[in-house]
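Colleague: Below, each chain spelled out in residue letters.
Protein chains: 4
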Amino acid sequence: MNKTRLEAFSDGVIAIIITIMVLELRPPHGESFATLRPLLPVFLSYVLSFIYIAIYWNNHHHMLHACHKVTGSVLWANLHLLFWLSLIPFTTAWMGENHYAEPPTALYGLVLLMAAIAYYILQSRIIATEGRNSVLARAVGSDWKGKLSPVLYVFAILIAFGSHWASKAVYVLVALMWLVPDQRIERALVRREDS
Amino acid sequence: MNKTRLEAFSDGVIAIIITIMVLELRPPHGESFATLRPLLPVFLSYVLSFIYIAIYWNNHHHMLHACHKVTGSVLWANLHLLFWLSLIPFTTAWMGENHYAEPPTALYGLVLLMAAIAYYILQSRIIATEGRNSVLARAVGSDWKGKLSPVLYVFAILIAFGSHWASKAVYVLVALMWLVPDQRIERALVRREDS
Amino acid sequence: MNKTRLEAFSDGVIAIIITIMVLELRPPHGESFATLRPLLPVFLSYVLSFIYIAIYWNNHHHMLHACHKVTGSVLWANLHLLFWLSLIPFTTAWMGENHYAEPPTALYGLVLLMAAIAYYILQSRIIATEGRNSVLARAVGSDWKGKLSPVLYVFAILIAFGSHWASKAVYVLVALMWLVPDQRIERALVRREDS
Amino acid sequence: MNKTRLEAFSDGVIAIIITIMVLELRPPHGESFATLRPLLPVFLSYVLSFIYIAIYWNNHHHMLHACHKVTGSVLWANLHLLFWLSLIPFTTAWMGENHYAEPPTALYGLVLLMAAIAYYILQSRIIATEGRNSVLARAVGSDWKGKLSPVLYVFAILIAFGSHWASKAVYVLVALMWLVPDQRIERALVRREDS
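Going down the list, the sequences are from chains A, Y, G and U. Per the working numbering, the first sequence runs over residues 1 to 195. Per the working numbering, the second sequence runs over residues 1 to 195. Per the working numbering, the third sequence runs over residues 1 to 195. Per the working numbering, the fourth sequence runs over residues 1 to 195.
It should be emphasised that the hints constitute simulated quantities derived from the structure, not laboratory data. Backbone N, C-alpha and C define an ideal beta-carbon position, used for all residues, glycine too. Keep in mind that a hint or two might mislead.
Stated by the list, open to error - Example chain Y residues on the side facing chain A (calculated, C-beta under 10 Å, incomplete):
{"no.": "1", "residue": "Glu-7"}
{"no.": "2", "residue": "Leu-25"}
{"no.": "3", "residue": "Glu-31"}
{"no.": "4", "residue": "Thr-35"}
{"no.": "5", "residue": "Pro-38"}
{"no.": "6", "residue": "Leu-44"}
{"no.": "7", "residue": "Tyr-46"}
{"no.": "8", "residue": "Asn-58"}
{"no.": "9", "residue": "Ala-137"}
{"no.": "10", "residue": "Asp-143"}
{"no.": "11", "residue": "Trp-144"}
{"no.": "12", "residue": "Leu-176"}
{"no.": "13", "residue": "Met-177"}
Unchecked claim - Reference excerpt, derived from the structure (chain U facing chain A, CB under 10 Å, subset only):
{"no.": "14", "residue": "Asn-59"}
{"no.": "15", "residue": "Trp-94"}
{"no.": "16", "residue": "Glu-97"}
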């Protein structure tokens, strides 16, 4: 099966997800800067989700670079990941419009959690096809970021009902943790080329 | 003619179709979880259609992999398929918003039926160009899934007016039947490489 | 300059144009088939525009296949064509919602006319770079379809104010005329490979 | 890392941005040409933004053509540019709907300014990886257009509060200045091939 087409389709879907979120940022009816103020939480939600989806695209990019065989299970694991990512515009919009409310903040985390699990499944399926000694398997290694993120999401969902601000702070923290690009795979590839 | 560009265009259209469906899932005006409840049927319709379009992309992917010549008739048969797929967001939205109603359930099946027929025409056009002894022709073989699906769609459309639940159950059943990835073509390709 | 990226960008824009038109087909609020009736003209406008954009994609595909050098003027002529195509969803929506009205029918034709002129300019720019004896120049030949279409669009715009039905009939006629795929370029390519 | 996928993703996002702007051009409820008149400023804003995004795509295209290594910082600088471009549909819509107002005109310029800065950062990151003697570094040269544009945007933002018309005239002027395709890189590439 053709990896290029899998990448192209994923790129298309991710590009659309990242862009249609901006449709939620509707121009206000007034013409003064003051009319923009209610849009601020919508805008900040957009920024956060833009960064999350950019991180996913970036890591997906790296991971597939180290993948050589696209089996049926890899293909469906990839579609499963795209499904959860496709719900991010919805949770972003709900959280942006109800920025002092706990349930939207918790649901935002729940979809992030499901996307993280879907990413983990995809990674496992690729490693299963590539083999335990593959570049990807060694690159992922202990995968502390991948294991810590779902734990932090669960934590953020639980505390959302106490303080939605604390919950949002956790989402920002996880994003910052990942913003440092995932150089493990890059390094493993370099090491392989060296030896 | 250029197969790559046909694939890229189809991927683009399918990626947009699968993603814009989520725009129908509008954030509720309230901020409690209870306000999400009316969205549940819209969400379930989205899940079902996401799976259907993913199946089409998946099978389209396999079929074009085994296609070597893109003639004018293949190109238009492909556009014809994309046309019916492009109506799925509409029928999904109508069914999601009127989930206890028979007509939207029947129309949903009608568009699936037309897409299935369009897929069959595309497959026939490709086999006609590739030849009776091509990888694709042998891979498709008796094509029981491709022949059974339209029959089940017609059945689901007819029973929709008696029980829309029974009709929806048939749509889920057909999706499950296809979720098992179409390994016939893959197997035929492997067999060919072996010999 | 890179032809592949020009094609990919054009494919992306055309894929989005052809798909977002369907967003205008909003699910009716009722649940009976009768509530679909007012959507019929919107649907028919969608079908017509889908075919037009498919024809443009198809011919664009053929034309760029015979193009080898992408100069700055080719690039901007291509963006100019995409601009007019991007207005088709707007004119389609206006005509679909006001199907007994003359002005929307005339405006629909005006945008088709501008797109046809933009296509002609793009074709001329490519021939200018490829040379008078290029495959494309010989393939286009007398280009009766390309010359007749704008004339028919002008005719349709003028008669729209008398009878919008007659005007729409002309749009359908031009679409049918082009639906026969543009085999001139294909034939010229074959002839060249033969000699 | 894979330049092709970076280009494909950027193309996808830019293609969506340039196309969804047209969704703001909603068909009027009336059916006479007079009902189109209030849409004129929305249409003119669309034309201006279409040209700006086309210029960005064009220059991005040239710049990446001269880039050979995609590092993590190049990738994020590119996503940063896409973020600011993704806000153009919003500022275009606000300016189009409030065309006699100063704040939307100023905000439009602010987003253009941020995009110009993001483009400059991306260019610097690429030159840093490619080296001071690379094709790109020499091609960019004194980069008077790239340096003049932000200055003109700041000027336009400031005068917007005096006369929004003068401000808009500056935006048109900058667009015209760039419409002349950026031939510096092309020329440098040609020079290198010559020597």
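Colleague: It remains to establish, for every hint, whether it holds in the given structure.
Modeller: Consistency of the hints with the structure:
no.	hint	in the structure
1	Glu-7	holds (6 Å)
2	Leu-25	holds (5 Å)
3	Glu-31	holds (4 Å)
4	Thr-35	holds (8 Å)
5	Pro-38	violated (14 Å)
6	Leu-44	violated (13 Å)
7	Tyr-46	holds (9 Å)
8	Asn-58	holds (6 Å)
9	Ala-137	violated (20 Å)
10	Asp-143	violated (18 Å)
11	Trp-144	violated (19 Å)
12	Leu-176	violated (13 Å)
13	Met-177	violated (15 Å)
14	Asn-59	violated (19 Å)
15	Trp-94	holds (4 Å)
16	Glu-97	holds (6 Å)
The structure does not agree with the numbered hints 5, 6, 9, 10, 11, 12, 13 and 14 stated previously, though it agrees with the rest.
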